[in-house]
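Residue numbers (my numbering), protein chains in the order written: chain A, 1 to 169; chain B, 170 to 381.
Everything labelled a hint here was simulated from the structure, so no lab data went into it. A couple of the hints might just be wrong.
To be verified - To give an idea of the interface, some chain B residues facing chain A are shown, with a C-beta separation under 7 Å as derived from the structure:
{"hint": "1", "residue": "F345"}
{"hint": "2", "residue": "W363"}
{"hint": "3", "residue": "I367"}
{"hint": "4", "residue": "N370"}
{"hint": "5", "residue": "L379"}
As the list claims (entries may be wrong) - Listed below are the simulated DSSO-like cross-link pairs for lysine-lysine, each with C-alpha atoms no more than 30 Å apart in a straight line:
{"hint": "6", "chain 1": "A", "residue 1": "K11", "chain 2": "B", "residue 2": "K291"}
{"hint": "7", "chain 1": "A", "residue 1": "K132", "chain 2": "B", "residue 2": "K291"}
{"hint": "8", "chain 1": "A", "residue 1": "K45", "chain 2": "B", "residue 2": "K286"}
{"hint": "9", "chain 1": "B", "residue 1": "K356", "chain 2": "A", "residue 2": "K45"}
{"hint": "10", "chain 1": "B", "residue 1": "K286", "chain 2": "A", "residue 2": "K119"}
Said to hold, decoys possible - Pairwise CB distance ranges, derived in the manner of DEER restraints:
{"hint": "11", "chain 1": "B", "residue 1": "H318", "chain 2": "A", "residue 2": "D22", "range": "54 to 64 Å"}
{"hint": "12", "chain 1": "B", "residue 1": "Q312", "chain 2": "A", "residue 2": "P18", "range": "52 to 62 Å"}
{"hint": "13", "chain 1": "B", "residue 1": "S215", "chain 2": "A", "residue 2": "E115", "range": "41 to 51 Å"}
{"hint": "14", "chain 1": "B", "residue 1": "E360", "chain 2": "A", "residue 2": "G104", "range": "45 to 55 Å"}
{"hint": "15", "chain 1": "B", "residue 1": "E342", "chain 2": "A", "residue 2": "D22", "range": "43 to 53 Å"}
{"hint": "16", "chain 1": "B", "residue 1": "R380", "chain 2": "A", "residue 2": "G104", "range": "27 to 37 Å"}
Quick reminder that beta carbons are idealized off the backbone N, C-alpha and C, glycines included.
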Amino acid sequence: MRVFIHDLETKDFLALFPKPLDKTLTISDNGTIHHCLGCFGCWIKTPGECVIRDEYGNMGEHLSRCSQLLIMSQCCYGGFSPFVKNVLDRSISYIHPDFQIRNGRMHHQRRYSNEIDLKVWFYGENITEKEKQTAQRLVQANAINLDCHVYSVSFAHSIVELEEKVLWL
Amino acid sequence: MVIALINGSPKGRGSASNCILQELKPLLAQDGNRVLEYHFRNPALSPTEMEEIRDCDVLIFAFPLYVDGIPSHLLSCLVQLERYLAAIPKKEIMVYSIVNCGFYEGEHNELAVEMLKNWCIKAGLTWGQGIGIGAGGMLPMLQNVPIGHGPKKNLGKGLAQLAHNVLERTSGESLFFTANLPRIVYKLAAEIGWRRSIKANGLKRQDLSLRK
Chain A
1 MRVFIHDLET KDFLALFPKP LDKTLTISDN GTIHHCLGCF GCWIKTPGEC
51 VIRDEYGNMG EHLSRCSQLL IMSQCCYGGF SPFVKNVLDR SISYIHPDFQ
101 IRNGRMHHQR RYSNEIDLKV WFYGENITEK EKQTAQRLVQ ANAINLDCHV
151 YSVSFAHSIV ELEEKVLWL
Chain B
170 MVIALINGSP KGRGSASNCI LQELKPLLAQ DGNRVLEYHF RNPALSPTEM
220 EEIRDCDVLI FAFPLYVDGI PSHLLSCLVQ LERYLAAIPK KEIMVYSIVN
270 CGFYEGEHNE LAVEMLKNWC IKAGLTWGQG IGIGAGGMLP MLQNVPIGHG
320 PKKNLGKGLA QLAHNVLERT SGESLFFTAN LPRIVYKLAA EIGWRRSIKA
370 NGLKRQDLSL RK
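Excised from the complex, chain B in its bound form (with noise of 0.2 Å):
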């Protein structure tokens, strides 16, 4: 089986989708399925990655949450597949997906989960599954934290429900969890580090505030 795994964060690297995708290849890895990783970060794609998207039996896709929805570079690239997929004859290509937010709870990313739905019927391809992780922006900082404890227990049960769904290839009910840390914990952390991020710019704290 040949799995894609494609991050759609536009970030270059220490995206929060590509440690969640990161994670998730050890556990696909196996029985002789090949698994490819695919960056989508500009919003168009290549004719050779769309050809090579065309014969993946499986696509993963890992994307932060923007405004409520899809990226717009990863959305470009959405319809351009769509009307790529939706001319050609092609075989039978399951697809899950795996969205995170910067906002405590998971259950923030349903509407993307259902917009890849959505996306998915207009380019004739299988629903495979969506999962929504909230408190994401904290995952490229738990990179030393092994998968399915403390904070990271919710992703590991999510990624392993997900690896299974994706190895037999089934469908499966969406899943909305968050990091396993107290939702307080996670408003103070956050806000300690814009508060650090704002004076390493050479700013002031209440600079956060400015308006125009």
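The shape of chain A in the complex, shown without the other chains (with noise of 0.2 Å):
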């Protein structure tokens, strides 16, 4: 299974995606998320699943049933939307409390043993050379911290130029 997190208006998504994606859990934003709380509670309370019950409290469970993860996102000061990185926020139940050393720094030890390919495809008119660098250092991040492969990162001005890129998709 694929699981696609995009912070796209309706109007952009149909217009990139007028088809259904095979074999994808499509995460979109209805309005209706809220922030984390930072209470560990996905760790303490309800292992695996986070406390806040709305339609994005079981993003662990889906990473665990996915072989790719596909973002799409605005980029912001060189990371995802304020959306994206939501329910990024609101995934850490994929992964355990415990450390482990990995590159000789400190990261979470595995809840899952799945394998996860990243695509990311930042999108904004007006992205600098630097939010780029940021970005790019920044999926090499998180797939340490998630234990997944980056496959790509690639970036656009327009959603007309996202168009050109996910052509294969």
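Please dock the two separately framed chains into a single complex, following the hints provided.
And the structure:
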């Protein structure tokens, strides 16, 4: 299965993906997402799922069943947009609270054993070179922390340009 | 000089970000400086908050690292502030940032510091300095340890340097440091802590590894 997290408006999403995506769970912004409260409840109260029971409370489980994680996000200061970042903040039940040392630094242990390929498309009219550098490094850092593989990171100025980049999706 | 201490943790109380700001506050409250405190806990700011921020000389953000970056609710506030500040004439505002993470190494915070620096440019503000603190989860439990001593020795040095730059209104290189205790001790303490917490919630230790 693929998990596709995006922040596109409905009209742009339909322009890019007029047909339903095969074997893909699409996570869109329906305006109801609550932000992470930093309570660690997804580790110590309801392990494996977020204590906030909105439509985004099972992200850890969704990630555990996927082999590809696709992210399409506006680039904000070299990171993801608030919605996409919110979904990722709400996904930490995917990992285990205990630590291990990888690449000489402390990271969390895995909770699940699935292998994930990560593909990211950033878009925005005014992405600076510095922001692109930050974003590239961010995706690498995310991949280390989620213990997954970066398949690709790309940038687009507009939705039209995104269309060219995702034709193969 | 009007200095805003902005706590970007979503936690109501007991956050490491608040502990850090409370240690920093006495270092800045001098020479007639006015220190204002804000808590950006939610993803939206009020018009009053934005107007007050606009009138400050210095903004100091303290927030936890979430998934290698800025917590989403704070990011929403920054987007809102960028649009507001970029559209109005304003005086020079210096921005400083203190990011803490639960990992041992302070360097994990580097990208979040960089993102705040990128935000500064977009909002038309002046970058001051960024600090990245490792083992931040320990700070709320060390409130009785004086700053600059024991595990808070590095924190003392880092905050003193930041305060100096703020008071001089100068910029400085980013600083990354951790608590003054061995990594293995921190790792063990954290893992014992998770086991105590899950048992306190009526679950078993092995439930930490539950799969859905």
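Hints, verified against the model:
1. The interface hint given for B/F345 is violated, since its Cβ lies 12 Å from the closest Cβ of chain A, which is over the 7 Å cut-off.
2. Annotation: interface hint on B/W363 holds; nearest CB of chain A at approximately 5 Å, less than 7 Å.
3. Satisfaction of the interface hint for B/I367 is found here, the shortest Cβ-Cβ separation to chain A being roughly 5 Å, below the 7 Å cut-off.
4. Checking B/N370 against chain A: minimum C-beta separation of about 5 Å stays under 7 Å; hint holds.
5. Interface hint at B/L379: satisfied, since its Cβ lies 4 Å from the closest Cβ of chain A, which is below the 7 Å cut-off.
6. Distance restraint check for A/K11 and B/K291: the Cα-Cα separation of roughly 28 Å lies within the 30 Å cut-off, and the hinted pair is therefore satisfied.
7. Simply put, A/K132 and B/K291 have alpha-carbon atoms about 14 Å apart, close enough for the 30 Å limit, and the pair holds.
8. Pair hint A/K45 plus B/K286 does not hold up; C-alpha atoms about 36 Å apart against a cutoff of 30 Å.
9. Between B/K356 and A/K45, the direct Cα distance comes to roughly 21 Å. Compliance with the 30 Å bound is thereby established for this hinted pair.
10. For the given pair, B/K286 sits about 26 Å from A/K119 by alpha-carbon distance, which is consistent with the 30 Å threshold.
11. Taking 54 to 64 Å as the suggested C-beta distance range, the pair B/H318 and A/D22 conforms, at roughly 60 Å.
12. At roughly 57 Å, the beta-carbon separation of B/Q312 and A/P18 lies within the given 52 to 62 Å, and the hint holds.
13. As the Cβ distance of B/S215 to A/E115 is approximately 45 Å, the hint placing it in 41 to 51 Å holds.
14. The supplied range of 45 to 55 Å is broken by B/E360 and A/G104, whose beta-carbon atoms lie about 19 Å from each other.
15. Checking the proposed 43 to 53 Å range against B/E342 and A/D22 shows it holds: the Cβ atoms sit about 49 Å from each other.
16. Restraint check, B/R380 to A/G104: a C-beta distance of roughly 28 Å satisfies the suggested window 27 to 37 Å.
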